[in-house]
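Given only the sequences and the hints, what does the whole structure look like? Please build it.
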Amino acid sequence: MTTATESLPPPTATSGPIAWMRERLFSSPLNIILTVLAVWLVLMSLPPFIEWALIKANFTANTSQECRAGGGACWAFIGQKYRLMLFGLYPYDEQWRPLIAAIIMIGMIIASGMQRFWNMSLPIIWVGGLIAVAVLMWGGIFGLRYVEDTQWGGLPLTLILSTFGIALAFPFGVLLALGRRSRMPAIKTLCVLYIELIRGVPLISMLFMSSVMLPLFLPEGFSIDKLLRAQIAIIMFAAAYLAEVVRGGLQAIPKGQYEGADSLGLSYAQKMGFVVLPQALKIVIPPLCSLFIAVFKDTSLVVIIGIYDLMQSTKVALTDSAWRGFSIEAYVFVSAIYFIFCYGMSKYSQNLEVRLATGHKR
Amino acid sequence: MADPRVNGGQSAPPRRLSWNDPDVRSVVYQVVAVALVGIIGWFLVSNTLHNLSIRNISTGFHFLGREAGFAIGESPIAYGPENTYSRAILVGILNTIRIAVIGVILATIIGTVIGIARLSKNWLVAKLSMIYVEVIRNVPLLLQLFFWYAIITEMLPGPRQALNVMPGVFMSNRGIKVPAPTEHFAFDLAAIGFLLAFVLIFIMVNLAKKRQDATGKAFPVYRGGILLLVGMPLLGWLIGGAPWELDVPKLQGFNFVGGATLTPEFAALLFGLVLYTAGFIAEVVRSGIQAVNYGQWEAASAIGLSRSQTLRLIVLPQSLRVIIPPMTSQYLNLTKNSSLAVAIGYPDIVSIANTTLNQTGQAIEGIMIIMAVYLSISLSISVFMNWYNKHIALVER
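Sequence lines, in order, name chains A and B.
Note that the first sequence covers residues -1 to 360 in the numbering used here.
Note that the second sequence covers residues 3 to 399 in the numbering used here.
What the hints contain is simulated information worked out from the structure, not anything from laboratory work.
Values in this document were obtained by computation on a predicted structure and should not be read as measured data.
Careful, some of the hints might be misleading.
[Said to hold, decoys possible] Simulated DEER-style distance windows between Cβ atoms:
(1) Lys280/A with Ile133/B: 58 to 64 Å
(2) Leu173/A with Ala374/B: 23 to 29 Å
(3) Leu173/A with Val167/B: 53 to 59 Å
(4) Leu142/A with Arg27/B: 48 to 54 Å
(5) Thr86/B with Ile104/A: 47 to 53 Å
(6) Trp116/A with Ser48/B: 43 to 49 Å
(7) Ala374/B with Leu142/A: 44 to 50 Å
(8) Phe221/B with Trp116/A: 54 to 60 Å
(9) Asp215/B with Ile48/A: 56 to 62 Å
(10) Asp215/B with Ser13/A: 45 to 51 Å
(11) Val167/B with Leu44/A: 16 to 22 Å
(12) Val167/B with Trp136/A: 51 to 57 Å
[Unchecked claim] With a Cα cut of at most 30 Å, we get these calculated DSBU-like pairs of lysine-lysine:
(13) Lys54/A with Lys186/A
(14) Lys338/B with Lys54/A
(15) Lys280/A with Lys186/A
(16) Lys338/B with Lys313/A
Don't be surprised by glycine CBs; every beta carbon is placed ideally from N, CA and C.
This is the structure in structure tokens:
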């Protein structure tokens, strides 16, 4: 009666490239369809893109006709215009100054991300760095030629607007967050009103307000220049968002910490300054990074009130009648700059989130 | 000095005004804060009134009744330069609402698909959607808008060489032309059928829930819903006589006539906003799904549910609770970001109010209108989403 049971075939490979593909690409009919679709998408977009961006592209042309002849991307345009894009209308011979200023600011941002500077040296770095940037950009002393800030532009201006924006919004934001959690009804109402009003409207309307309404607000004969007005709008805007981020951190601190500080007899300022804020700010470092990225991207909106940041100087470069029609190349170039900055910062913040996730989770 | 209130509440000595009393201090702080804000406010207002009187600008909203005198590129309601400023502003508000509503719907669909795709077991799909999310989120929206606008107006050919992607659909630097149905009452019937379908779905969902509670039998709500959504308009259309004529765009002279147009500005703004917000929504959806405990997946597969059933019946309902609040912020962001329309020339409320304030000099009123519009849109979205959030929130005993 009994027949020899046929032995089962050995299990198919469970490791190696074939098994990996079977598992990750072809495990079910739906998966196979998805794989085919994805491969089709890549094949449809990647080869034409490479052909446009590399194979048919022109890197060296001197005239736009020559550049256009190849039918691909015209990177020679970037080669011709990169200084205008990066530094705007800053006097050509002096452009080493904004270059160094930009490097200082990038250095400051990197230093703020390094844990070993998270003590009293950080404020010193910032104050020193910001003074150095101001001296380099304005000049007028140390034998540097004075350059009016209407001539500033490009990447240094984008960096200035965003780093100054966050740095100066920070104290306001913390105060607003503390005010919002305060038990004093009048102060709480004022803070809530400010935060909600600012967060409810687009940044553009703040910029418009700063450019058309600030001159009306000020006493007669007293005026502040366009750049400073835009900077004020960005600070006011960033402060409202920063306040909400910090509030999240304050809420995450267990009640026992507040009670512990109270039981030691610490005053409000001591309790907040020594016990609560250091812990709260540590928790919110990753969202602060995202906020910085958002502000960095949002400074591009100053284009709308005619300030020559990276984006606007790119648009200026595009208006040259001898080199018309290469906006795609220019936008790809500028996107790459923004991407490198933002992606770098977001990767850093993810990394930090893992490193800092200590002891706050309950 | 010890706080008199700590003496067990009995025979508290008469309180004197002292700086050590927290209540006194808090009153002082608040009075100072309010006074400070009041003084700053008074300073700004008096300066403003003074400056306005120098420049001979009268305050108030009287200018709204005057003739606007500028044309608007696209408008959902009839508008001409001879209409008043108030009508121009209404056009702007409607244009903003139109881009926001269409944008929110499309961004939700695309974002959800990409968010789920990032978690796909399929390596290729997951990596492609990751690249999409990273690139989109790390480039400023304004740049993306300029990019799409440049692609449409510079890369696409003129109307004579328009790309004919599908029969009747033409893409040129004047915008995207699509065939539109000619006026016919059958289409009104179809629209009524569409609305009716929503009512029927609502009733069906309730009945199905009751039956499942009573008998344990599930009703194919999703299939039924799709059937109703497709079937009811179709029925309306058939009853109306099933008209086939479409108003197909035709090249005449230098431009197209007939059909409906997506202007380059609207198309670029919609593309940019939807693709950008979808990148953020994808992250919201992904983190929402990952927030659901993995044990839920395992338990679901232990009782024999398929992966898609698990996602639909077990995971998504739970992750929705995590997803809704950040999703609300994304909707608000999309609406606020639509104000970037001013940069590429789509006539939204910001761009029209800006033209108005440049023509009339009524800067304060113009900015106030912009802010009031956005605040009311933001508030309505928050109220609706909070209601929905409460609706799906976990009911705890």
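Structure-inconsistent hints, enumerated in ascending order: Going through the list in order, the structure violates hints 1, 13, 14 and respects the others.
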